[in-house]
Amino acid sequence: MTTRCRCGFFLAACLLCLATARDAAAHRVNVFAYVEGDTVHVECSYSRSDRVRFGDIDVQNAADGKSYLTGKTDEKGDFSFSVPPAARAAKADLRILLRAGEGHRNDWTVKYDEYAMAAPAARATLADAAPVAAQATPKAAPTTATQATPVAVPSVAPAAAASMDTAAFKALLETTVEGAVEKKIAPIRKMLLDDKEKGPGAAEIFGGIGWLVGIAGIAAYAKSRKSGRGA
Amino acid sequence: MHISEGVLSGPVLAGGWALAAGGVALGLRRLDYDRIMTVAILSAAFFVASLIHVPIGPASVHLILNGLLGVVLGPAAFPAICIALLLQALLFQFGGLVVLGVNTVDMALPAVLCFLVFGPLLRAGGKARVVGAFCCGFFAVLGAGGLTALALALSGEAFTATAKLILTAHIPIMLIEGVLTAMVVGFLAKVRPEMLSPGLSG
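Residue numbers (our numbering), protein chains in the order written: chain A, 1 to 231; chain B, 1 to 202.
Hints in this document: simulated from the structure, not taken from any laboratory. Here the structure is a predicted model, which is why all the values come from computation and not from measurement. Be careful, since some hints might not be right.
When the alpha-carbon atoms are kept at most 30 angstroms apart in a straight line, the in silico DSSO-like pairs for lysine-lysine are as follows [as the list claims (entries may be wrong)]:
| no. | chain 1 | residue 1 | chain 2 | residue 2 |
| --- | --- | --- | --- | --- |
| 1 | B | 164 | A | 72 |
| 2 | A | 170 | A | 184 |
| 3 | A | 91 | A | 190 |
| 4 | A | 72 | A | 198 |
| 5 | B | 164 | A | 76 |
| 6 | A | 72 | A | 183 |
Same shape as in the complex, but just chain B:
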């Protein structure tokens, strides 16, 4: 899901940076003093997640966990993902510095959108929360794949072919992340409800 350096065209890179900057600023403004450590822990989880590799046929995909960050952090997922991606670019050479903006938007925007769309389900508690958390994990990856394909399409690759390739490769990851997010949210709701975004604890 990390787009490499030198693939995208200038306007796409600039647009990515603009959106990412907006998202990060919004996330930081909403960030509460007490939640800084939570953000850091989840940022670390995201940072490590892409090392967990799942081989599927010819391709191989890795965990992304952006849905989980969306559920727990809300808009603060933007700065968390941005910093984790920056460190991945510097330390692992995944992605790159120039494409950091686009990569941040690709992964953080769907996460925050899922948080907004499935928020009511997450707040409902019980089974609805499990379903909501699964949907967040599932659709955040779906959205990330879609946005990656879109960014590539805007730079000249054929959209439908790329999107199909990326999305089919990521179907197992969508399911895995859905289940994982549901499990983690269930666990957190039981053990430490206030770690979930304010107003989400059932």
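With the rest of the complex left out, here is chain A:
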């Protein structure tokens, strides 16, 4: 019995040494997508250092599975696309489906609210803020659209004058705040991404081994009762 234990420990020790020596991560693909202005950025990876090169991307309507566009990731596992107008019109959630080949597949959903709020980033400059805001309203989120439209439409002509009216100010403020928030949350997004790409940690590994020992114990107990050996 002692020798058997030693064998088991030897085997387990070898494997654990190997497992911890390498950057532990394995075959599961990760997809992560975020919206920046009108563009959706997709990052695909097996692990932090191992990107999905040339994986197939399929952007679909999350509700009915209708495909808007397809593409391939680049060398670094990245893929970017501008929000399809059809999706914007349909207020659809976008499901970004990654097929990395050999049976590896994962998806990520970008909600309508996410890209609707991050409206086209064309309203940046002060001078053309008002006219652009008026153009942008049909594309913008329902809340901003309903607030902005009644004020913006009549104000296009006077906005050419030096004085800045409320609509232009609102648009400028919105753009500025959006930009600032974007800058602030960038590190948080990076953190989320890193966390998602992290392989299983010690807790999962030892937990799993514990489960196996427990199951073996239960099996041994059940068998011993059946055969009357343990009684």
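Position chain B against the provided structure of chain A, taking the given hints into account.
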């Protein structure tokens, strides 16, 4: 080698479950009281093995160890692999619960077949056993790759292209596992012959 959720078609998933259930039932029926701990230890080895990563070119492959489980456990490799895959799916999010049946068959069936085919070599002892163990490690991975490609092909992917991709990526793993299995079997035969499947000790 883990097939993700949502890739395979319904009939393939159902077929995988049926075969896996048969294999697990057979393995459990043959399982001897004294060998429960051996099964658990090897199941744990399999569970951890897929964290050991070998980067090869653009792809990266991990150890599988299904050949080793076949050599040591015989038909009991089925329940051992099934439980280890279940835990990998739950704890690591490798593979998935619905595809568990197919994944179990992909890895356990070649292992048990290798055990049956190379059994005589393993029992012969000496050099023949080393060769047999190497073959088990090598061909179990080969078979697993073939079955994975087959499962994907039955669900619509082109078989030859997928199989070629998977198998070429796994050639180094086949060699590594062959050598590893031969070493472990040699070690066990010397130190604890009865840990090898009954009748295999030289």
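| field | Hinted pair residue 72(A) and residue 183(A), Cα distance within 30 angstroms | value | Measuring from Cα to Cα gives roughly 28 angstroms; hence the hint holds.
| query | Would the pair residue 164(B) and residue 72(A) pass a check requiring their Cα atoms to be no farther apart than 30 angstroms? | reply | This hinted pair holds, its Cα atoms lying about 21 angstroms apart.
| message | Tell me if the straight-line CA distance from residue 170(A) to residue 184(A) falls inside 30 angstroms. | response | 21 angstroms, holds
| said: Tell me if the straight-line CA distance from residue 91(A) to residue 190(A) falls inside 30 angstroms. | reply: 27 angstroms, holds
| task | Given the hint that residue 164(B) pairs with residue 76(A), test it: the Cα-Cα distance must not exceed 30 angstroms. | result | At roughly 24 angstroms apart (the allowed maximum being 30 angstroms), residue 76(A) and residue 164(B) satisfy the hint.
| Between residue 72(A) and residue 198(A), does the CA-CA distance stay at or below 30 angstroms? | Holds - the C-alpha atoms of residue 198(A) and residue 72(A) are around 24 angstroms apart, at most 30 angstroms.
Of the numbered hints listed earlier, not one is contradicted by the structure.
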